[in-house]
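Construct all of the structure, not just a fragment, from the sequences and the given hints.
Below are the chains, spelled out letter by letter.
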Amino acid sequence: MMPNPNSFNNGNLAVEARNMHVYYGNFRAVKDISLKVKRNAITAFIGPSGCGKSTVLRSFNRMNDLVTTARVEGEILYHGNNIYDNDVDPVEIRRRIGMVFQKPNPFPKSIYENVAWGARINGYKGDMDELVESSLRQAALWDEVKDKLNESGYSLSGGQQQRLCIARTVAVKPDIILMDEPTSALDPVATLRIEELIQDLKEKYTIIIVTHNMQQAARASDYTAFFNMDRDRAGYLVEYDRTPDIFTTPQNELTEQYITGRFG
Amino acid sequence: MSITTTSTETNSSQKRFTLGASKMSGNYAARKRKSQIMEGILFLAILLALTPLALILFEVIRRGASAMNIEFLTSVQNISLIREGGGYLNGLVGTLYMVAIASIIAVPLGVATATYVVEYSDSKLVPFIQFFTDVMTGVPSIFVGLFIYTILVQGGGGFSTLAGGLALSLLMIPIIARASEEVIRLVPDDLRNAAYGLGARRWQVVMQIVLPTAGSGLITASMLAVARAAGETAPLLLTALGAFKIVPELLGSPQAALPLIIFNEARGPFEPAHARAWAGALELMLLVLLLTLIARAIGRKTEAAI
Amino acid sequence: MPRTLFDRDLQALQNQILQLGSEVEENLITAVTTLQQFDARTARMLIHADEDINAARIKIGLDALTLIATQQPFAGDMRRIAAIIEIVGELERIHDYVKGIAKISLMLQETPINPALLRDFSPMAEKSREMLHNSLTAFAERDAALARQIPPEDDVVDELYNQIYLQLLQAIMQKPEMVEQVNTLSWALHNLERAADRVINICEWVVYMVEGVYREMDSELEAPPFVGR
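Just so you know, the sequences run in chain order A, B and C. Taking our numbering, the leading residue of the first sequence gets 1, the next gets one more, and so forth. Taking our numbering, the leading residue of the second sequence gets 265, the next gets one more, and so forth. Taking our numbering, the leading residue of the third sequence gets 571, the next gets one more, and so forth.
If a hint is listed, it holds; no wrong ones were tucked in.
Straight-line distance between alpha carbons at most 27 Å, and here's what the computed BS3-like set of lysine-lysine pairs gives:
hint, chain 1, residue 1, chain 2, residue 2
1, A, K148, B, K565
2, A, K109, B, K565
3, A, K146, B, K565
4, A, K204, A, K103
5, A, K36, A, K204
6, A, K204, A, K146
7, A, K173, A, K109
8, A, K103, A, K202
9, A, K38, A, K202
Hint data in this document are derived by calculation from the structure and do not stem from the laboratory.
Structure below.
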């Protein structure tokens with residue numbers, strides 16, 4: 001039986017938000033999030049549009065810093081340190097906590113270069129061919145592309161492109177992979193492939209996935225966090241538990257309404 | 265239970281839809297007519313806009329082609345405006361020379377400006393830079409010539425290839441900056457985010473992702489400026505001045521240019537000079553066309569490599 | 571935001587269950603009456619009715635599965651459908667006991683048994699029926715508290731069981747030649763007792779449906795002492 005989120009401790013904790021608030025200018029987008037994410041598990045964030053689940057996801061690797069008006073209060077603890085401390089380099093955080101986006105977004109480079117680029121700018125000195133191959137294998141893409149590594153990343157199908165993006169993220173050897181609705185632009189078959197892939201990836205990485213698709217959260221995750229927004233349109237965490245518990249016996253009435261499709 | 269109810273509902277809603285469609289058919293004809301009329305008006309507007317352009321092209325080709333020959337393309341200028349013969353080779357070389365110098369200066373500066381404006385949009389300098397480029401785009405080109413004349417030609421350099429090239433580069437920078445800005449803005453944020461997400465620093469994202477992605481667009485933006493510079497006369501009057509021979513020197517000697525010669529020969533009352541000016545105009549047009557085609561090919565090649 | 575189509579289908583399923591339940595309730599009482607009155611015609615009707623009950627059970631089960639496949643229910647909806655599938659199974663099995671009692675009443679046609687022995691079957695059947703009725707009310711009203719009140723009442727049924735069982739033993743001792751008939755009758759008694767046990771299962775599923783926790787609710791007496799479980 002999987003441990004309850006309340007029982008996560010230093011032994012199995014990947015990252016933790018403590019009383020985190022995120023502001024865009026004067027607008028509070030997310031309020032008072034406290035959440036522990038388990039290592040080598042898949043955690044899904046679900047909730048209605050605008051509930052701040054993507055904002056929370058992006059604060060885990062300081063992608064929100066790229067929005068000039070964004071401001072984070074509270075703490076995100078990673079290996080015991082607050083990643084928002086002044087002496088922390090956000091670039092260093094993003095190397096450890098990678099990200100896969102909603103739309104497949106390979107670089108306009110060859111398949112090989114797509115995978116190699118991130119590792120190279122991070123100063124990877126080892127055998128690049130080997131790294132590219134192992135990354136593509138981890139992303140379950142190697143067999144499909146091994147004979148056309150020099151072709152453009154854009155020559156691949158949408159699902160393959162998204163797996164290429166996963167390979168590219170894996171090549172940097174992160175700890176945690178954040179996925180922001182990674183299958184929302186894919187067809188059902190490609191979606192299931194990515195879900196299968198994520199199950200394999202959790203052996204080596206911690207995965208946090210934002211999804212609009214409740215069935216996906218139910219199918220593919222170990223833990224589920226349900227976010228909602230209050231009257232001021234600020235997102236907050238409603239309920240966080242083991243996925244089987246959330247989808248069979250949610251404790252909060254709002255969660256129940258949301259996952260049974262009777263929300264709002 | 266539910267299956268029966270659902271299927272009856274579908275049937276009735278289908279019926280309603282068919283009914284509605286037959287009711288709409290009267291409106292449909294009227295709407296179609298209206299659409300056709302609007303389409304016709306738009307077509308006329310395009311025709312009106314294109315007519316002068318087509319007339320110019322037609323006239324340049326008609327008059328220019330009759331005076332164009334091997335001698336014209338391969339010989340330098342005839343000193344006499346009255347006599348026939350000779351060509352604009354000195355002008356062609358001068359134009360290419362000065363445009364090349366101008367491009368070497370203007371392309372990096374223009375692209376750099378655009379990059380700064382887009383990628384460092386959090387900088388407080390950006391609105392100021394944008395305002396300045398806008399103003400520079402609007403400056404009459406003769407002022408640019410006057411400016412170089414004052415500080416370089418009068419300042420001791422004399423008329424020269426470099427002075428002409430500098431004047432052209434000043435014209436090109438704002439054009440390139442403005443056009444490149446649009447092109448760089450077109451690079452999807454997804455790509456920037458992807459790069460940042462891999463732990464890239466800003467300069468790595470700009471140099472290795474944004475600019476290569478914008479590559480072919482940047483070439484097009486630069487070609488826009490090159491075409492403009494190659495046809496400029498005014499700034500060269502006060503900087504390159506003109507020459508009757510091929511001038512290889514960068515400094516110390518006035519330089520020829522195609523528009524300058526066309527301007528000089530077309531001004532007079534002499535028929536042979538007029539004919540050469542038409543041929544020169546055609547040559548200039550073909551030159552710009554050729555440069556554009558080459559740029560397109562380079563752009564496509566880099567895209568294909570991706 | 572309601573889910574009109576889904577809610578309507580769920581409601582329809584629930585109505586089918588309740589209808590099936592009231593038939594089972596009625597037949598339970600009828601079966602015991604049949605036994606007491608040696609009414610072969612009604613007994614045959616009950617045996618025949620079991621086929622309809624089985625068919626209805628399969629239809630409800632398949633409809634429930636269709637709802638799962640097409641509506642992907644979660645949480646409360648999912649638990650409700652799970653409860654429907656389980657409860658319809660329990661109802662079908664209760665009706666198997668009804669059919670068993672009807673068969674026994676046919677077997678007892680030839681050598682009528684002392685009616686005194688059959689008298690106390692009535693309160694036992696009535697109590698079982700009442701429990702079944704209440705459990706289905708708890709299901710329809712989603713009333714976990716009511717569902718929790720029902721299992722302790724099984725003690726009444728169990729006590730009646732023990733009482734009648736003793737009467738049957740005494741009857742055998744008094745008239746050993748009646749051993750076969752009385753023994754057959756004891757199966758009917760056993761069927762009644764099991765029917766009430768099935769009601770407890772229904773209550774367990776109602777509590778799960780409402781609260782999301784499944785817990786065994788057998789009464790403290792567990793099984794009657796004479797019935798090895």
